[in-house]
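Visitor: Read off the chains here:
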Amino acid sequence: MAGIKNWIAESFPVDQEALIKLTAEPIPNHLKRWWWALGGTPLYMFVVQVITGIMLIFYYVPEADKAYESVAYITYTAKFGWLIRSIHRWSSNIMIAALLLHMMRVFFTQSYRKPREMNWMFGVVLFLLTLMFGFTGYSLVYEQMSYWAMKVGTGIAGATPLIGGWIADFMRGGSEIGQNTLTRFYLFHVVLLPVLTFIAVGIHLYLIRAHGVTELKFKGDENKEKKTYPLFPDHVFTELIMVSIIMVVLVVLSLLFPAQLGDPANPNVTPLHIKPEWYFYPVFRWLKITNLTLGVLGPMLFLAILFFWPFIDRFFEKRFPGKELGFWIGIAGMLLINVFLFWEIIGH
Amino acid sequence: MDRRNALKNMFAFVPLSAAFAGLTAMGIRFITPIKREVQRRIFTVHLEELPVNATRKYKDLMGKDLLIVRTGEREVKALSTVCTHLGCTVYWQKDKKEFYCPCHQGRFDKDGNVLAGPPPRPLDSYKVELEGDNVFIYFKDKEG
Numbered sequence: 121m122a123g124i125k126n127w128i129a130e131s132f133p134v135d136q137e138a139l140i141k142l143t144a145e146p147i148p149n150h151l152k153r154w155w156w157a158l159g160g161t162p163l164y165m166f167v168v169q170v171i172t173g174i175m176l177i178f179y180y181v182p183e184a185d186k187a188y189e190s191v192a193y194i195t196y197t198a199k200f201g202w203l204i205r206s207i208h209r210w211s212s213n214i215m216i217a218a219l220l221l222h223m224m225r226v227f228f229t230q231s232y233r234k235p236r237e238m239n240w241m242f243g244v245v246l247f248l249l250t251l252m253f254g255f256t257g258y259s260l261v262y263e264q265m266s267y268w269a270m271k272v273g274t275g276i277a278g279a280t281p282l283i284g285g286w287i288a289d290f291m292r293g294g295s296e297i298g299q300n301t302l303t304r305f306y307l308f309h310v311v312l313l314p315v316l317t318f319i320a321v322g323i324h325l326y327l328i329r330a331h332g333v334t335e336l337k338f339k340g341d342e343n344k345e346k347k348t349y350p351l352f353p354d355h356v357f358t359e360l361i362m363v364s365i366i367m368v369v370l371v372v373l374s375l376l377f378p379a380q381l382g383d384p385a386n387p388n389v390t391p392l393h394i395k396p397e398w399y400f401y402p403v404f405r406w407l408k409i410t411n412l413t414l415g416v417l418g419p420m421l422f423l424a425i426l427f428f429w430p431f432i433d434r435f436f437e438k439r440f441p442g443k444e445l446g447f448w449i450g451i452a453g454m455l456l457i458n459v460f461l462f463w464e465i466i467g468h
Numbered sequence: 011m012d013r014r015n016a017l018k019n020m021f022a023f024v025p026l027s028a029a030f031a032g033l034t035a036m037g038i039r040f041i042t043p044i045k046r047e048v049q050r051r052i053f054t055v056h057l058e059e060l061p062v063n064a065t066r067k068y069k070d071l072m073g074k075d076l077l078i079v080r081t082g083e084r085e086v087k088a089l090s091t092v093c094t095h096l097g098c099t100v101y102w103q104k105d106k107k108e109f110y111c112p113c114h115q116g117r118f119d120k121d122g123n124v125l126a127g128p129p130p131r132p133l134d135s136y137k138v139e140l141e142g143d144n145v146f147i148y149f150k151d152k153e154g
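Quick note, the sequences are listed as chains A and B, same order.
Residues 121 to 468 in this note's numbering are what the first sequence lists, from first letter to last.
Residues 11 to 154 in this note's numbering are what the second sequence lists, from first letter to last.
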């Protein structure tokens, strides 16, 4: 045994001291609150997505006339296929919901402030990547909703001023939705977006480690002697409990509401009740009440504000000190999104 | 958290690990291709067209070659022509009433049993049924 241990230590040298230092990163006490485990949730969901996604590729065929059939095979014939697909689908929904909550938490605790502006921006990039994952993902099923979502989605991109035409053609791989579009969406979904996400997550985590977690003061924390606790094993345990709970939720949701399969894509018939996934509802409603240019520019402006928010917030803080303008703008933005979201839900 | 507490907490994750193990098992089951085969009874040849000791080449439903051999007045064999050694094609030797594999000199009798050479097991055989003078063979087929 000692021989093997020595051999491993020799051929794979690990600096024990450095490892302990790296994993025992002191973490402020407020992270023991559950609200603070939300940043890890999307990461865990991403891992679930990668694993179940790789499994789905075992059977998925990215060909226009076979894609739907292969999804049907996964759903109805392959052993536990319905479960794998349902978990893939539900974890994407939970990932987006957890991301939204995480962003809200960071926003309202102003954790994006100097020196963490860059990390907020990478966070927004990750949010966008996740939405693109969602969009390209449900397009791959190649059912009616997928087809018409691709049609509408690339149409929206096409309405972008100046470069819209090029973007739409690039996404579709031509002027019409077809085999090229499916190939491209498949490539985006299983290669480009995962690679970009891995890189962005890496930078996001590195920046968290480099800056440390924002220290926040809470009532009751003043009396505690220790201001921090170690990442490993203490915080890792907290995260593992979170993982357990979410796993139960994921499986229960998949059992009760397994992923469905609609009619196969038919380029000649637009379904009567077409709607995207819930996370696109606000944009979908916005598109219904504005003209196309405004419909496209609105969300873009929203994303631009979100992306540059740390600087906008700083500007407000300098101009109107103590007024907490950023907080109220955040509340107003959330209200607006919720109005559009519920308007769309009720509108169905 | 000291080592003792950490170990104690670890026990809390026994059910979690069990659940992961369960999901992993399901995952492995998922990526393992389903093998569900059905047997189909198919008419192949009429005895009048197949004199004693004569053979007839045939392909099964999976596209594999087989040889139908009339070994007696009312005895017909259907054997795979794929040698069980390394997959070369075996030949029926009329005079010796044997199957012969030219690659490594494997020999099989009329029932496909190994007589000589390196083949590790008998030739794969198909179930044959005579109905009057009609020869029916049971072939494996993929379901659906």
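Simulated from the structure, these hints should not be mistaken for laboratory data.
Don't take every hint at face value.
[Said to hold, decoys possible] So the derived label-pair ranges between C-beta atoms look like this:
| id | chain 1 | residue 1 | chain 2 | residue 2 | range |
| --- | --- | --- | --- | --- | --- |
| 1 | B | 20 | A | 387 | 53 to 59 Å |
| 2 | B | 29 | A | 458 | 47 to 53 Å |
| 3 | A | 143 | B | 132 | 58 to 64 Å |
[As the list claims (entries may be wrong)] Examples of chain A residues lying across from chain B (beta carbon under 7 Å, computed):
| id | residue |
| --- | --- |
| 4 | 175 |
| 5 | 177 |
| 6 | 178 |
| 7 | 202 |
| 8 | 364 |
Beta carbons are placed, not taken as given, at the ideal position from N, Cα and C, and that holds for glycine.
Visitor: Any of the earlier hints contradicted here, and which numbers?
Guide: 2, 5, 7
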